[in-house]
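Novice: Chains as they are written, first to last, in numbering that gives the first Met the number 0: chain A, 0 to 468; chain B, 0 to 119.
Hints are computed from structural coordinates only; laboratory data are not their basis. Here the structure is a predicted model, which is why all the values come from computation and not from measurement. The beta carbon of each residue, even a glycine, is placed where N, CA and C say it ideally should be. Treat the hints loosely; a few may be bogus.
As the list claims (entries may be wrong) - The calculated label-pair distances, taken between Cβ atoms and stated as ranges, are: (1) B:Ala-72 / A:Thr-42: 40 to 50 Å; (2) B:Ala-72 / A:Leu-184: 46 to 56 Å; (3) B:Thr-60 / A:Lys-361: 44 to 54 Å; (4) B:Lys-68 / A:Glu-232: 42 to 52 Å; (5) A:Met-113 / B:Lys-68: 43 to 53 Å; (6) B:Val-66 / A:Asp-360: 41 to 51 Å; (7) A:Pro-322 / B:Gln-104: 30 to 40 Å; (8) A:Val-272 / B:Pro-117: 36 to 46 Å; (9) B:Glu-75 / A:Ser-468: 20 to 30 Å; (10) A:Ser-257 / B:Pro-117: 17 to 27 Å; (11) B:Glu-75 / A:Asp-236: 50 to 60 Å; (12) A:Ala-301 / B:Thr-60: 50 to 60 Å.
What the hints assert, rightly or not - Derived contacts from chain B toward chain A, CB cut-off under 10 Å, selection only: (13) Lys-44; (14) Leu-45; (15) Asn-49; (16) Gln-52; (17) Glu-58; (18) Ser-59; (19) Lys-68; (20) Lys-83; (21) Leu-85; (22) Arg-90; (23) Pro-93; (24) Glu-103.
Claimed, not checked - In silico negatives: residues of chain A with every beta carbon more than 12 Å from chain B: (25) His-60; (26) Ala-81; (27) Gly-106; (28) Ser-181; (29) Thr-223; (30) Lys-359.
Spelled out, the chains give:
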Amino acid sequence: MKRRTFIKQSIALGGGLTFGAMSACSPKGGEPQAPLEFVSGKTLPWTNWAGNQACNPSWRHSPATADELISVLKSAKGVVRAVGAGHSFSAVVPTDDTLVSTDLLSGLVSYDAMTLQATVKSGTRLHDLGPILNSIGQAVPNMPDMDYPALGGAIVNSTHGTGKNFGSMGAYATALKLATPSGELLDCSKEKNSEIFNAVRASAGSLGIVTEFTLQNQKPFKLTEVNKIEPLEEMLDDIENRNENHRHFELYAIPYASVGISVATDIAKSGEVNKGEDDPQAVNALRTVFESLAWIPLVGEALYDSALTMILGSEANVIRTGPSFEVFPHLRIVRFREMEYTVPASEGPACLREIMQTIKDKKLPFSFPIEYRYVKADDIWLSMFEGQDGCSISIHEYGDLDFKASFAVIETIFLKYGGRPHWGKIHTLDSHQLAKLYPRHWQDFQEIRRSLDPQGKLMNTHLKSIFGS
Amino acid sequence: MSNYEISNNNKTSRIVLGSTVLVAFIVSALFISPSIAAPGARQIKLLSNNCLQCHANPESTAPLMGVAKDWKAVIEQGEDVTMKNLVLGIRGMPPLGYCSACSEQDLRELMRLVAGFPDK
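Using the sequences plus the hints, can you model the full thing?
Specialist: Now the structure itself:
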């Protein structure tokens, strides 16, 4: 899909059909409402990327070494929280007491060319990770579709990419070092402190601050990603073949539209070249068309579907090819808020179909595409993929729009299908509800948490809610 | 495992963003506004980890460091407005420019460096 063309066509169509009636619902540019003020010389506020979480930490620390971090933890006042890039939508970071940034705990520690393992500091941003590993002849087997987060935040919140044969980021960690709230530095792996190792890799940062991870990598490889516009139902009917035939497959369902976007990614073949443009502003164009047409009584939804089918149907495929760490991530510059649940893989198509139908039936004001991915089962205690292959479905809303009422409707569908919420994204579950979703290891995790943090130094309001006091 | 230990923390920065490229960005910014103090090693790491992922990436659509015309409107709005936008975020620019480790002073100095603000 030539999304530059899409923008031009869709804006022209949207604007042409509304006769200036847009004023009541025109986009505000995706601007989140800043929750805190900035006054020079006063406490510097912290806000997450999405603009829905903020705090005024009294003490900020940016340790550059594990020893410095240990020193900070031993003397820290009040509730201590760690932050990497601040890309989580859930309130895992906010504290008005002590905020520890891992920004300076970044870079390569060591590597082994024989085993293809590398030890990397936890504050390393994913956008740095690819080039770092490439320079030593390694690459992570899979990555999320954006590379802004820090490695530590990505792993402890179970961040993932897509691909039925690939686990979440934490599944590729073979060892880690954990700085505990009491100031110990623990080596953890399958062989050493194995229970802590299984708990930390999906802990929302409730057990300590990881200083470094050892990753099981592979040799560098190139990928080619092909984006196509296809009927959504055809993709869902064929989903098992898509997953089987591609190294990575995901799709985007567009609310109220019968077409969606397929994204198939495979090892690059000789001669493949880039085609078209990947445009991060395309979602704003989608919003313009939606807000121009969907409100029209009786015929709005049908018009919107027809318009999108016509516009998108004329677009060519977009092909992106290159080193894996350049193809996996996409630009994300339009601000949004996100809720994601992982349902058992076999339930994915039914769950998505019910979401799409509910959006139409209840006329929920969604136009942002819904992301639909598959992830392999793992053995990380509180991973959304623990013990079962998962289908992760992500609902988005623009950063300047209220998401709560609409997300609540969709959340009930996720729960009906046995969904587990992403630790770093928006959900409303508390510890009692979450415990039921993790029957095998919830109590094991709680015992580890209480042993490592008996005084609850790391427990902010959100963590108390999801893990209990 | 038999590791090849790397003890020099700065090596990461060189791996991620070749030192020649990084130095070129900084020199170009200092050339635009020669009165700006050169950043220290810590600030260079913050710059590399955070600011340059967009302001040295033409695909991000963000104004590019060292390209004076990209910053004309920003400089015209002044440092105080730009600083507020930097801290709270605006359009594609995330709050604090992703830099949770930055103090207000770090942010001001990196803002002046990246945007090429002239002397007051």
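Novice: Go ahead and decide if the range 42 to 52 Å is satisfied by the Cβ distance of B:Lys-68 to A:Glu-232.
Specialist: Once the Cβ atoms are compared, 48 Å apart, the range 42 to 52 Å for A:Glu-232 and B:Lys-68 holds.
Novice: Per the CB criterion, is B:Lys-44 less than 10 Å away from chain A?
Specialist: With a closest approach of 6 Å, the B:Lys-44 hint holds.
Novice: Holds or violated: B:Arg-90 as interface residue toward chain A, Cβ cutoff 10 Å?
Specialist: 7 Å, holds
Novice: Just to be careful: measuring from the Cβ of B:Glu-58 to every Cβ in chain A, is the smallest value less than 10 Å?
Specialist: 6 Å, holds
Novice: Just tell me: holds or violated, for the beta carbon distance of B:Glu-75 and A:Ser-468 against 20 to 30 Å?
Specialist: This hint is violated: roughly 52 Å between Cβ atoms.
Novice: If I claimed the Cβ atoms of A:Ala-301 and B:Thr-60 lie 50 to 60 Å apart, would that claim hold in this structure?
Specialist: Since A:Ala-301 and B:Thr-60 have Cβ atoms about 34 Å apart, the given range 50 to 60 Å is violated.
Novice: For the hint on B:Asn-49, just tell me whether its beta-carbon gets within less than 10 Å of chain A.
Specialist: With Cβ-Cβ at 7 Å, under 10 Å, it holds.
Novice: Please check whether B:Lys-68 passes as an interface residue: C-beta within 10 Å of a C-beta belonging to chain A.
Specialist: Since the shortest Cβ distance to chain A is 20 Å, the answer is violated.
Novice: How about B:Leu-45: closest beta carbon in chain A under 10 Å, or not?
Specialist: Check passed: Cβ of B:Leu-45 comes within 6 Å of chain A, closer than 10 Å.
Novice: Is the nearest CB of chain B more than 12 Å from the CB of A:Thr-223?
Specialist: Non-interface label on A:Thr-223 holds, nearest chain B Cβ at 18 Å vs cutoff 12 Å.
Novice: Given the hint of 43 to 53 Å, is the C-beta distance from A:Met-113 to B:Lys-68 inside that range or not?
Specialist: Holds, at about 50 Å.
Novice: Does the closest beta carbon of chain A sit nearer than 10 Å to the beta carbon of B:Lys-83?
Specialist: 5 Å, holds
Consistency note: the structure conflicts with the earlier hints numbered 1, 3, 9, 10, 12, 19, 25, 26 and 27.
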